[in-house]
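Top line first, the protein sequences correspond to chains A and B. So for the first sequence, this note's numbering puts the first residue at 1; every next one is plus one. So for the second sequence, this note's numbering puts the first residue at 1; every next one is plus one.
Don't read these hints as lab results, they were simulated from the structure. Please note that a few of the clues may not be correct.
Under 7 Å between C-beta atoms, here's a sample of chain B residues computed to sit facing chain A [stated by the list, open to error]:
(1) V68
(2) D71
(3) D75
(4) T81
(5) R85
(6) E88
(7) Q89
(8) Y105
(9) A124
(10) N293
(11) I295
(12) S397
Footprint (simulated), chain B over chain A, 3 or more residues, beta carbon under 8 Å [claimed, not checked]:
(13) 22-33
(14) 129-135
(15) 221-229
Computed far set for chain A versus chain B, every beta-carbon distance over 10 Å [stated by the list, open to error]:
(16) L115
(17) L126
(18) G140
(19) S174
(20) S196
(21) R274
(22) W275
(23) P276
Computed from a predicted structure; not experimentally measured. Beta carbons are placed, not taken as given, at the ideal position from N, Cα and C, and that holds for glycine.
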Amino acid sequence: MRRYLWWAVVAFATTLLVVVPAVSPRYVVSLFTLTVITALLAISVNMLAGEVGLLSMGHAGIAGAAGYAIAWGARQHLDLAPQLGLALAVTLLVSAVYGVTAMRTDGIVFLMITLALGIVVFGLALKWSRVTGGQSGLTGIRRPAAFADPQVFYYLCLILTAVVLLGLTVLRRSPFGLVLRGVRDSERRMTSLGYSTPATKFVAMMISGLVAGLAGVLGVWNAQFISPAVAAFDKSAMAVIIVILGGIGFPFGTILGAGLVVGIQHWLSSYVERWPTLLGLLFVATVIFMPRGIAGAIQGAAAGRVAVAPWSTWLSRIGIRRSGTTAPEVEIPHQTSSPEVATRKGTE
Amino acid sequence: MVAGTAALLVALAGCQAGDESGSDTVTVGFISPVTGFVAALGTDMRRGWDLYWELNGNTVGDVTVRTVYEDDAGDPEIALTKARRLVEQEGVDIVAGPVLANTAYAVGSYVASQGIPSLHITGADDLTQRQLDPHILRVGYTSSQSNFAAGQWAYDEGYRRAVTLCPDYAFGWESCGGFVTAFTAAGGTVEQLWHPLGTQDFSTYVSQVKELAPDVVFVGSAGGPDAILLYDAWQDFGLTETPLIGNCCFADQVFLREVGSRASGVRSFMYWAEGRDSPEVRKFVTEYEKRHNEIPSMYAAGSYLMAQVVAATLEKTGGVVDGTAFVDAAADLSFSDSVYGPFTFDDHNNIVGPVYLTEVVERDGGGYWNVPVKTFEKQSQFWTMSADEYLRQPVFSRDYTGQR
Chain A
1 MRRYLWWAVV AFATTLLVVV PAVSPRYVVS LFTLTVITAL LAISVNMLAG
51 EVGLLSMGHA GIAGAAGYAI AWGARQHLDL APQLGLALAV TLLVSAVYGV
101 TAMRTDGIVF LMITLALGIV VFGLALKWSR VTGGQSGLTG IRRPAAFADP
151 QVFYYLCLIL TAVVLLGLTV LRRSPFGLVL RGVRDSERRM TSLGYSTPAT
201 KFVAMMISGL VAGLAGVLGV WNAQFISPAV AAFDKSAMAV IIVILGGIGF
251 PFGTILGAGL VVGIQHWLSS YVERWPTLLG LLFVATVIFM PRGIAGAIQG
301 AAAGRVAVAP WSTWLSRIGI RRSGTTAPEV EIPHQTSSPE VATRKGTE
Chain B
1 MVAGTAALLV ALAGCQAGDE SGSDTVTVGF ISPVTGFVAA LGTDMRRGWD
51 LYWELNGNTV GDVTVRTVYE DDAGDPEIAL TKARRLVEQE GVDIVAGPVL
101 ANTAYAVGSY VASQGIPSLH ITGADDLTQR QLDPHILRVG YTSSQSNFAA
151 GQWAYDEGYR RAVTLCPDYA FGWESCGGFV TAFTAAGGTV EQLWHPLGTQ
201 DFSTYVSQVK ELAPDVVFVG SAGGPDAILL YDAWQDFGLT ETPLIGNCCF
251 ADQVFLREVG SRASGVRSFM YWAEGRDSPE VRKFVTEYEK RHNEIPSMYA
301 AGSYLMAQVV AATLEKTGGV VDGTAFVDAA ADLSFSDSVY GPFTFDDHNN
351 IVGPVYLTEV VERDGGGYWN VPVKTFEKQS QFWTMSADEY LRQPVFSRDY
401 TGQR
C-alpha cells in the first residue's frame with residue numbers, strides 16, 4: 001500500500017492539472033499556466049542537474065533569449081513558422097554558447113559560468129534597446145490566434161510539458177542516458193573508458209537548452225509581454241530553488257515544486273505580505289529535512305526508508321557531505337581525486 | 001431632478017459587468033511594489049494614496065471608493081498575475097498602475113485590453129507617447145519632461161559646455177535626453193558620461209568630470225543610494241566649485257536625510273518640491289509627516305494626486321467608470337493648484353504643468369528640503385515641439401539623447 005504512495009501523488013496532481021482549469025475562472029487558469037511554464041524551465045535545469053550532475057544558474061538566459069526572439073518576430077509581423085524558426089535558431093545558438101563555454105567544467109565552476117552567461121543575456125536585453133526595447137520591454141505581442149483562449153493555451157502548455165517529460169524519460173532509459181549518468185558519477189572513469197565527456201556535456205546542454213527555449217516562448221505567449229526580467233538572475237535562481245524543492249532528479253517533483261513556488265509568489269502574496277520570508281523558510285526547511293526534495297521524501301517514504309533521523313543527522317545536512325544517497329546530493333557533485341570518495345559513489 | 005436620477009441609474013446599470021461590489025461602489029485596484037528592491041517606493045505610494053482618502057473621505061457624490069491593494073514585488077510577471085486577479089476576480093473598475101517601467105507597460109497593456117482605465121505615476125516616457133492607449137492616463141511627468149527646462153536654463157545662464165552623468169538604463173537615457181535635447185538645441189555642447197545602475201564607486205566618473213572642466217554638470221539620478229554615493233565622491237574630489245544641477249529625483253528625501261547640511265544649496269529641476277509655499281503642499285506634507293514621521297517622497301505625492309484625480313473625475317462623471325470615457329473626463333480636468341502646482345493634461349493623457357528650479361534649504365523644525373527659486377510654467381512632455389514632430393524622433397537610448 002505504502003509503495004504506491006508516490007504514484008497516488010502523481011495521479012492526484014495530474015488529475016488536478018487536467019481537471020481544475022477546465023472548470024475554473026480565467027484567473028485560476030492563468031495561475032496553472034504559469035505553474036506549468038515555470039515547471040518547464042525548472043525541468044530543463046533538473047535534467048542537467050539530475051542526469052549529468054551539473055547545476056546551472058543561468059538557464060533563464062536561454063529561455064529569455066528564445067522569448068525575445070519570438071517577441072521580436074511577432075512585432076515584425078512575421079508568420080508563425082518563421083517566428084518559431086527564429087526562436088529555435090536563437091535557442092540553439094545560445095545553448096551552444098553555454099555548452100561550449102561550460103563543457104569542460106563541472107561543479108562550482110560550471111555554476112559560476114552559467115550564472116555569468118545568464119547575466120550576459122540579461123545585460124544584452126537591457127542595453128540593446130533598439131531590438132529588445134531595453135528595460136521597458138516589448139508590449140503588444142499576441143500569441144497565435146489558435147491559442148488565444150486562455151484555456152486552450154493552458155492545455156497546449158500541459159501537453160507540451162507531458163511530451164517533454166516523456167522525452168526525458170526516453171532519454172533516461174536510452175544508452176545516452178547511461179552515458180550521462182556515468183559522467184555524473186565519475187567523469188574520470190568515463191574518460192578512461194573512452195567517452196568524450198565535454199562532447200557529452202555539450203549535447204546535454206543543447207537538449208536542456210531546447211526545453212528552456214520552449215519554456216521561454218510559452219512564457220512570452222502567456223504574458224504577451226517581455227522585458228529583461230525574464231533573463232534575470234532571480235529567475236534562474238528560482239528555477240534552481242524549484243528543482244531543489246521538488247527533488248534533483250525527480251522531474252515530476254519539479255512540477256510540485258513549481259506549484260508551491262508559483263502559489264506563494266503569485267497567489268499567497270495577495271494575502272501574506274512577508275511571503276518572500278515564507279518562501280525562504282520553506283527552502284531552508286527542505287534542504288535540512290528533505291534534502292532529496294519533496295518527491296524524494298515521498299518516494300523514500302513509499303520505500304519505507306523514512307525514519308525520524310536523529311537531530312545530529314539534520315545538523316550534518318546543513319554541512320557539506322551527506323551519506324547514503326542514491327540521487328545526487330543537494331550540493332553539486334564534486335569530482336575529487338580521493339579514492340575514498342570515488343568508491344563511495346561507486347557503491348550507489 | 002427625476003430625469004437626472006433616472007439617467008444616473010441607467011448609466012450605473014451600464015457599468016462593468018464584473019463589478020461584484022454593487023453599483024454604488026467604485027473599486028480601484030492599487031498595484032505597487034511593497035516587497036523587493038523598490039519596496040520603499042511602493043510603500044510610499046500606498047501611504048500617499050491612503051492619505052487622500054483619509055483626509056477627504058472615500059465617498060464621492062453617491063459612490064464609495066474602495067481600494068484593493070496588491071504587491072507586485074517589482075516583477076512584471078507577478079504584476080500581471082495581480083492585475084489579472086484584480087480584473088477577473090475582484091472586478092475592479094480602475095487600476096492604479098505599478099511604478100517600475102516594465103511592470104507599468106505590462107499591466108497597462110493588459111488592463112487596457114480589458115477595457116479598464118488605468119492611472120500611472122511612472123515616468124517611463126513611452127507610456128503616453130509611442131505606447132499610448134486611450135485607457136491610460138499618467139498623473140505625472142515623463143522622465144525627460146522636467147529636464148528640458150534645465151537645458152534651456154543652463155544655456156540662458158551662460159553655460160556653454162556641459163557634462164551629463166546619468167545611469168545607463170531607460171530612466172537615465174530619458175532624463176539626460178531631456179537636458180541634452182534642450183541644451184544642444186540652444187547651442188551648447190555636451191559630453192555624456194554613463195554609469196551602471198548601482199555603481200558603488202563614483203570616483204572614476206567624478207574625476208573624469210574634473211578633467212573635462214565643464215561649465216555645468218547635469219546629474220540624472222533615480223535617487224537614494226546612487227545619489228548619496230555620487231555626492232560623496234563629488235565633495236571628496238573638491239568639485240564644489242563646478243555648478244551642479246540634479247534631475248527630478250537626485251535630491252530626494254532619502255538623499256537629504258543622509259547628506260543633510262552638506263547638500264545645502266544643491267539645485268535641481270523638480271516637479272515635486274516639498275518645500276513649496278502653497279496650501280496644498282503644506283497640508284499634504286504636514287498631514288503625512290504627522291502619520292509617518294517623514295517628509296513625503298514624490299511617490300507619495302504622485303499617488304496622493306492620483307487619488308485626487310480619481311475623486312475629481314468621479315465627481316464629474318457622476319460615479320460612472322466607463323472605459324475610455326473615464327480617462328477622457330479625467331484628461332479634461334484642470335487644477336489651479338495641487339501638490340505639483342497648477343496643471344492640465346495634454347491630448348496624450350499626460351500632465352502639462354510647472355517644473356521648479358529648486359534649492360536645498362534647511363527647514364524650520366529640522367531636516368532639509370527642496371524649495372523652488374524659479375518656476376517654469378506649463379512644461380509639456382513634448383517640450384516645445386508638436387506631438388507629431390516629437391514622436392518622429394527616435395526613442396531616447398544611450399546612442400540617441402537628442403543631441404543636435
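Return the status of the interface hint for B:S397: holds when the least beta-carbon distance to chain A is below 7 Å, violated otherwise.
Because about 5 Å separates B:S397 from the closest Cβ in chain A, which is inside the 7 Å limit, the hint holds.
A:S174 and chain B, when compared Cβ to Cβ, separated by more than 10 Å
About 35 Å separates A:S174 from the closest Cβ of chain B, which puts it past 10 Å; holds.
B:I295 as an interface hint toward chain A, with CB separation required under 7 Å
Violated - the Cβ of B:I295 stays beyond 7 Å from chain A, reaching only about 25 Å at its closest.
Once the shortest beta carbon distance from B:A124 to chain A is found, is it less than 7 Å?
Where the cut-off is 7 Å and the nearest Cβ of chain A is about 6 Å from B:A124, the hint holds.
Within 8 Å of chain B's CB atoms, at least three CB atoms from the stretch 221-229 of chain A: coverage verdict
This one holds; 6 residues, not fewer than the three required, reach chain B with a Cβ under 8 Å.
With d taken as the least Cβ-Cβ distance between A:S196 and chain B, does d exceed 10 Å?
Label holds. Min Cβ-Cβ 39 Å, cutoff 10 Å.
Quick one, is the B:R85 hint okay against chain A at 7 Å, beta carbons?
5 Å, holds
Interface hint outcome for B:V68 [beta carbon to chain A under 7 Å]
This interface hint is violated because 9 Å lies over the 7 Å limit.
Minimum beta-carbon distance criterion (7 Å), B:D71 to chain A:
6 Å, holds
Would the least Cβ to Cβ distance between A:L126 and chain B come out above 10 Å?
6 Å, violated
Hint validity - B:E88 Cβ closer than 7 Å to any chain A Cβ
With Cβ-Cβ at 4 Å, under 7 Å, it holds.
Classify the label on A:R274 as holds or violated, using whether its beta-carbon is more than 10 Å from each beta-carbon of chain B.
Answer for A:R274: violated, closest chain B Cβ roughly 8 Å.
Hints 1, 10, 11, 17, 18, 21, 22 and 23 from the earlier list are contradicted by this structure; the remaining hints agree with it.
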